[in-house]
Amino acid sequence: MTDFLASLGYESWILHALVWGPLAGMVHVLAAPKERAKHVAFRWSALLFVLSSGLWWAYDPVGGGFDFVSSASWIPAWGVEYALGLDGISLFMVVLTTFTTPIAILGSFEYVTRRRKAFYALMLLLETGVVGVFLATDLLLFFVFFELTLVPMYFIVGIWGGRRRIYAAVKFFLYTAVGSLLMLLAILYMYFAGSADSFSYDAFLAADLNLREELWLFAAFALAFGIKVPVFPLHTWLPDAHVEAPTPGSVILAAVLLKMGTYGFLRFLLPFFPQAVQHPVVVTVMLVLGVVGIVYAAWVAAVQPDAKKLVAYTSVAHMGFVVVGVFALTVNGLQGGLVVMISHGVSTGALFLLLGMMYERRHTRLVEDFGGIARSAPFFATAFVITALASIGLPGTSGFVGEFLALLGAFETRPAAAVAATTGVVFAAYYMLPMVQRLLFNPSDEPANRRFPDLSRRETVIMAPLVALMIWIGVHPTPFLDRMGPSVDRVLERVEAVSIEATAPVDESVGESVGDFAVVLAPEPEPEPEPLAAEPVVELAETPALLPDVEGD
Amino acid sequence: MFLVESTLRSALAPSSALASALPAAAPQEAAHWEPFLPGLVVLLPLLGFVANGFLALRAARRSSAAVRAGKEWSPIAGSVRPRTHTLPTWIGPGVMAAAFGLAAINFATAWGAHLAEPVIAGPYWTWIATETLRIDAALQLDALSLAMTMVVTGVGFLIHVFSVGYMKDDPGYPRYFAYLNLFVFFMLVLVLGSGYGTMFVGWEGVGLCSYLLIGYWFSDVKKSDAGKKAFIVNRIGDFGFLLAIFLIFQGFGTLDFMPVSAGAAGEFAYGGTMVTAITLLLLLGAVGKSAQVPLHVWLPDAMAGPTPVSALIHAATMVTAGVYMVVRSSALYALAPTSQAVVAGIGVLTAFVAATIAFKQNDIKKVLAYSTVSQLGFMFLAAGVGAYTAAVFHLVTHAFFKALLFLGAGAVIHAMHHAVEHGDEPPAGHGHMDPQDMRNMGGLRKHMPVTWAVMGVATLAIAGIWPFAGFFSKDEIIWYAGAWAGAESNPFGGLYVAYWVLALVTALLTAFYMARLMVMTFHGANRTGPAASHLHEAPRVMIVPLVVLAVLSVLGGWLNVPEALHQTALGLFGAVPAEGLHHWLAPVVHAAEEIQAGAIGEASKSAPIGGGELAWALVSTLAAAAVVIATFRVLGRRSYATAAADPGPQTALGRFLHGKWYFDEAYERTVVQPVLAASRWCWKVVDTRVIDGFVNFTGSFTRVAGWVASVFQTGQVNMYAFVLALGVLLVLGAAVLLP
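Protein chains in written order, with the working numbering: chain P, 1 to 553; chain C, 1001 to 1739.
Rather than coming from a laboratory, the hints here were simulated on the basis of the structure.
Everything numeric in this text was worked out from a predicted model, so none of it was measured.
Ideal Cβ positions, reconstructed from N, Cα and C, are used throughout, including at glycine.
The reader is advised that the hints may include incorrect statements.
Stated by the list, open to error - The following label-pair restraints were derived from C-beta to C-beta distances:
#	chain 1	residue 1	chain 2	residue 2	range
1	P	458	C	1040	36 to 42 Å
2	P	360	C	1077	30 to 36 Å
3	P	162	C	1539	55 to 61 Å
4	P	4	C	1069	34 to 40 Å
5	C	1097	P	366	45 to 51 Å
6	P	476	C	1661	42 to 48 Å
7	C	1072	P	110	27 to 33 Å
8	P	65	C	1664	56 to 62 Å
Claimed, not checked - Listing some non-contacts, in silico: residues in chain P with all C-beta distances to chain C over 12 Å:
#	residue
9	12
10	53
11	56
12	278
13	281
14	425
15	436
16	482
Stated by the list, open to error - Calculated from the model, a selection of chain P residues having no Cβ within reach of chain C, i.e. all distances over 10 Å:
#	residue
17	20
18	49
19	57
20	302
21	374
22	400
23	405
24	407
25	412
26	423
27	426
28	442
29	481
Work out the full structure: start from the sequences and follow the hints.
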């Protein structure tokens, strides 16, 4: 396989094809008649998945650095480049994207009935943005793609969403925009603080920052990514966005968009700010937020009457495991976090698809409206149960491998956080099993539930690969772990190579800035959980003008 | 063949220092032994699951399609059953027979070869591997895992056969066998896995199957609830198990059993914090899975599942996994005397509490459920006093007689159910009569003589009457508890005396509540009413497994006749070899017994209040027999009211025991409701009012929302969408292109 790919010159064009292919598909969709739009979009996305699957063989994990690297000058004056590269971390994110997109598109065939051309064009535009985020090795290019994903998602929620779609779309947009503005400022700061002649990833790695600078920049990046993840207490946009979004929007949102946040943790936060991420206050804050997210979101999920909102909250809990795994700063924790990201993409994406199928049949998302579906739709129920079990991390499914490694890794350095996070396995059963019972089991008093149609052939085609992937990763995750291992090691080596004492200027200002941070980043007592967005902005001199500007425009 | 004589009675002198006992002395001439297709033993039930699962889905799709089409179709209504409902009859028990055959071959050859060192089959593949962690998909074959495999496949096969008759008229027949096969697969992974990682796969896997089978009749909310409760309570235990795994990994860098038990004494100091923490956390897992106090509350509810499921999962195999785990980790427990005292304490407390509850239950399965909890408590007591062989011994004999009791109860329920359904007129009382309520039974001996006889055997066995299986295993546990209390330097000696006394009392309670069950079910006047004429003996496919289990319940005790009884009448004057099981298991528990011998010293040769083993064996069997006879005499004369006419317990103590010590009510008030209230508070207050309140009340937010809303009101939304999307691209591009 590797030789065959090499004979195609695969390495030289694949990344560009994956970034721009969806855009070509988008043009095709817009040119096609509207009845054909969904088929065109599906074929393009399926083709891109087939192309991307070659990466599985073509990517050589030895060394763990960027592979398939290519760059071209974009804005020479500022040293901005169109630079792409792929390593063992982005490999899985890219393939997860190309894998989920055709499935989400196929899952929208019945759901999306109006403005179809626009919808499928936006779906493909979104794919370009997300793939670009995962492949860009130039910070400004990354930022452009990061922002680009915002736009199609905003419209997908805002146009094809449910009753409160405007509120949800705007909330999503503003939350994310606030975060990314701060990140842009941080990127610019690093650009000027560094050599100021390049936005390339390597130049940023080489930037010489003291602890105080690192902490502020960390805060800006962490806020942008933390909103995406989302980390408690920045999560309230997510349930609204999920509930209002059409099925394919929810699928992409859960499977891929949230991963941009945790991907940012791995790709930028850890390597760029090794001093900051080892700072005890920072680590403690992040771990506490992760743990609180796991438990809090599980509790809130358990009492949701709306099944879609319930699953949305479980996303927050799952991503909490990623946060805990990543900030434990161990190989097992990082790898576990990455596997949770993949597993969550597959299982939560599948749950949203299944809930979408339920909505298409019954036009309700309320848990109490269902019951007895297992009797009327055995294949549907089987797929649902397997997915739910993968979601709560039963051994033999993908969920277990990720959570187990993340918790094991966390336990190595942060046993207290790991113990608290492990209670999540109990609470996962507490939110998931009652939902499964009330949807699928119990008596079916409602005639519509007794006649609930089973999976159609199209729906079977959608679910089969997802279920297969959950079990494959659960039973034999080694090929995945092998491919991500060296890249994860690199991240960790980069962090461990720098110790706080070695580079920190020895003066009181460090202590003070740490003190400031303790105030800003300390886990918020419940009454006022939101000030993360505003405070750092005021401190960075350039910013006050920008934020109101954009918000008010 | 060198066998380590390391029973407590012949324990090494305390002077033999711990260090000299390590590394574990390898048997000097371990005969070479090759396992025969061990992977297939595990694989066969999985294949059975796949085949039966396929049939189940086909059948379910057909009947659901019929419902949608407005027709009624039942796979069991017609005279010719569809293939989906005939093939499982052969596939389900078939794969079990084959697995048992393979297991038996392996067991027999290993026995012949005096297997001393564990043999690792595989690794078939590497399950999880990172830079520091490696978990292989491999099987560990040794005395313990082979013995467990024999029980799981053997008793499992009999229960599968019984199920063919019991579940014949259930529309979900193929689904039932699919779940049952899947259960056996996970149970085999649990007992054969080569490390704590693979064990955990089986551990949660059997929990899943238990959940699916308890809630097998999922349209019934109560049954579905029971399944859910079992899963969640078990997950509390799994939380402890996971943390124990993390600690073991931290201590040893591996999760494989062999390096852990070999290196335990070198890694941890005797009585150290680390090893105590590991063992207590493992215990939390075991307490959940084996339904020990305070996590026992799920097991009685689990009786909602079909009765053969109760026999297989909730009596013979899965619930004993906790005992298996403690024995498997014996080298760790031996190093943690505090944990041992906790294990034994939880065990004996559970045995006592559950036995008292069994006193006042009227549902035949509930009595057996609490009896199971109680007997599992005895096994924990044994494991806690370092008598690992006795724990496994009781596990095996209990698997025989308790499976028999449950299947016998199944036959009774089958008959009662049939009678109620076919009764000419509604039975006495109001409407539906509960076919599981013993108050509606009585005098069934006349209608079901074989069932009566085999359940009688099982009752004598569990009551601990010579020469039935339970006599030997339970007697051994109680004896060890007493001997351990009197061991030379036992730091918790006094505590163990209390355990010993409580265990003695509980043994007598056992004889009482089992005799009560027999009396209420089979003796006295019949209370079934007019439906009684339809009562009948079970079909042969159900009777044969009962008889086989009855034979095992009689003979099972000879597996391990104590040395002290061996040459006496109680030990058949040496007709069977002494301590067969002990010798067989010696290599597995060797490391633990060495440690215990070094630290605790030689066990007492007499019980805490005097008397040798033989004397106490005599006393205990006579006392149990006396209780059984007295119970028959007293209760047999009593006339019971039917369930409908019974006013319930009249005394406070009666209500307390009937109410199961109000554990469920206490948990409802102190755990379930507070967590639910906290959940609602988090949602309604923190999420909605605090966080979103902050977000929504920022002025700019509302302004922008208004602006965006107005955009959408123009009706040209997709145009705007694209203008904006392109705009962002262009602006971003242009802004940087023009320096």
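We went through each hint and held it up to the structure:
Between residue 458 (chain P) and residue 1040 (chain C) the CB atoms are about 38 Å apart, so this pair conforms to the stated range of 36 to 42 Å. Checking the proposed 30 to 36 Å range against residue 360 (chain P) and residue 1077 (chain C) shows it holds: the Cβ atoms sit about 33 Å from each other. Separation of residue 162 (chain P) from residue 1539 (chain C) is about 56 Å and conforms to the stated range, judged on CB atoms against 55 to 61 Å. Distance hint check: the CB atoms of residue 4 (chain P) and residue 1069 (chain C) are about 50 Å apart, inconsistent with the given range 34 to 40 Å.
Taking 45 to 51 Å as the suggested C-beta distance range, the pair residue 1097 (chain C) and residue 366 (chain P) conforms, at roughly 48 Å. For the hinted restraint 42 to 48 Å between residue 476 (chain P) and residue 1661 (chain C), the CB-CB distance of approximately 46 Å keeps it satisfied. The hinted range of 27 to 33 Å is satisfied by residue 1072 (chain C) and residue 110 (chain P), whose Cβ atoms lie roughly 30 Å apart. Checked against the hint of 56 to 62 Å, the pair residue 65 (chain P) and residue 1664 (chain C) passes, with Cβ atoms roughly 58 Å apart.
With a closest Cβ-Cβ approach of about 24 Å to chain C, residue 12 (chain P) is found to remain outside the 12 Å limit, as its non-interface label requires. Listed as outside the interface, residue 53 (chain P) is consistent with that label: its C-beta sits roughly 22 Å from the nearest C-beta of chain C, beyond the 12 Å cut-off. In this structure residue 56 (chain P) is separated from chain C by more than 12 Å, as the shortest Cβ-Cβ distance comes to about 18 Å. At roughly 19 Å from the closest C-beta of chain C, the C-beta of residue 278 (chain P) stays outside 12 Å, upholding its exclusion from the interface.
With a least CB separation of 23 Å from chain C, residue 281 (chain P) remains clear of the 12 Å interface cut-off, as annotated. Not every beta carbon of chain C lies more than 12 Å from that of residue 425 (chain P), the smallest distance being close to 6 Å; the non-interface claim is violated. The beta carbon of residue 436 (chain P) sits about 8 Å from the closest Cβ of chain C, which is not more than 12 Å, so the claim that it is off the interface is violated. Here residue 482 (chain P) does not stay apart from chain C, with its beta-carbon only about 8 Å from theirs, under the 12 Å limit.
No Cβ of chain C approaches the Cβ of residue 20 (chain P) within 10 Å, the least distance being about 13 Å, so the stated non-interface status holds. For residue 49 (chain P), the requirement that its beta carbon stay farther than 10 Å from each beta carbon of chain C is met, with the minimum near 23 Å. With a least CB separation of 20 Å from chain C, residue 57 (chain P) remains clear of the 10 Å interface cut-off, as annotated. Taking the minimum C-beta to C-beta distance to chain C, about 5 Å, the non-interface status of residue 302 (chain P) is violated against the 10 Å cut.
A beta-carbon of chain C comes within 10 Å of the beta-carbon of residue 374 (chain P); the shortest separation is about 6 Å. With 10 Å as the threshold on Cβ separation, the claim that residue 400 (chain P) sits away from chain C is violated: the shortest Cβ distance comes to roughly 8 Å. With a closest Cβ-Cβ approach of about 7 Å to chain C, residue 405 (chain P) is found to fall inside the 10 Å limit, against its non-interface label. Distance to chain C contradicts residue 407 (chain P) as a non-interface residue, since its nearest Cβ pair spans about 7 Å, not more than 10 Å.
With 10 Å as the threshold on Cβ separation, the claim that residue 412 (chain P) sits away from chain C is violated: the shortest Cβ distance comes to roughly 7 Å. For residue 423 (chain P), the condition that its CB be more than 10 Å from all CB atoms of chain C is violated, with the nearest at approximately 6 Å. The non-interface label for residue 426 (chain P) is inconsistent with chain C: the shortest C-beta to C-beta separation is roughly 5 Å, within 10 Å. Interface exclusion of residue 442 (chain P) from chain C breaks down, the closest Cβ pair being 5 Å apart, not more than 10 Å.
Not every C-beta of chain C lies more than 10 Å from that of residue 481 (chain P), the closest at about 6 Å, which undercuts listing it as non-interface.
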